[in-house]
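Residue numbers (the working numbering): 2 to 232.
Treat the hints with care, since some could be wrong.
The calculated lysine-lysine pairs, modelled on DSS-like cross-linking and capped at a C-alpha distance of 25 Å, are [unchecked claim]:
id, residue 1, residue 2
1, LYS165, LYS182
2, LYS13, LYS29
3, LYS180, LYS169
4, LYS169, LYS182
Calculated from the structure, these hints are not laboratory results.
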Amino acid sequence: MFMHQLAASKHKHNISLKWEESSDDWPKLPTPIFILNLPKSGTQTMTQFFSCDNVPSSHTYIGLTRTGDCLRDNFMANLRSNTNTTVDPLQGCHEAVVNLNDNFAKNGNKSTTIVFMTYSDIGTPGPEQCFYSSINDGGLQHLYDYYPNSTIMLITREAESWYKSISKWEDGRLLTQWKNKCGFRGSIGDYSREDWFVITAWWYIRVALLYMGPVGFTTYSLPPASGLWGH
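Take these sequences, add in the hints, and give me the full structure.
Written out as structure tokens, the structure reads:
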């Protein structure tokens, strides 16, 4: 919604949009691009942003498969593997047959197979088993081991604003799942507002510790922007 409002406002004032200009001279981000924001921290907005430039982008699902379920299953397969070959974290969920919108439709085709380049909201609270690469030990390392030249994007959101938003989303359903299914617990341990603040800080720290170390991700940490978030 935000990207559509931005586009409409700029068109109204005859301001060209960056993605409508020639992109030949733009810097090219290594792919795949993993958007590791917390849920309710601009994940869908970033997907819309890349889609505006016809970059095949997924949010939560790849076709009918939840991205987090795919990452979890491949992570577990990698742990069970008896070989020195790393299992592709995205094995089985690189692509999907999608109905085409105006951005992709060409030659009258109504559907096509899309190979995705960006992935956001890539965790899962279950129902089989909770898995978040940013929280589960070894999850981020698995992404790096197979995609050492990929891009990590991390947008932070002010903790109070995030907590209010996620508490309202479907009456706090995701927080309840994180508590009951995932066992997420901050250092306070009482699942209070402040305890969730600790959990979100740990989420960001784990990502930062990985990409500030010896690994080779291309990383982008963007500051909070008041107009970026949904409610």
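Comparing the hints with the structure gives:
no., hint, result
1, LYS165 to LYS182, "holds, 21 Å"
2, LYS13 to LYS29, "violated, 29 Å"
3, LYS180 to LYS169, "holds, 16 Å"
4, LYS169 to LYS182, "holds, 19 Å"
Hint check: a violation occurs at hint 2 only; the rest are consistent with the structure.
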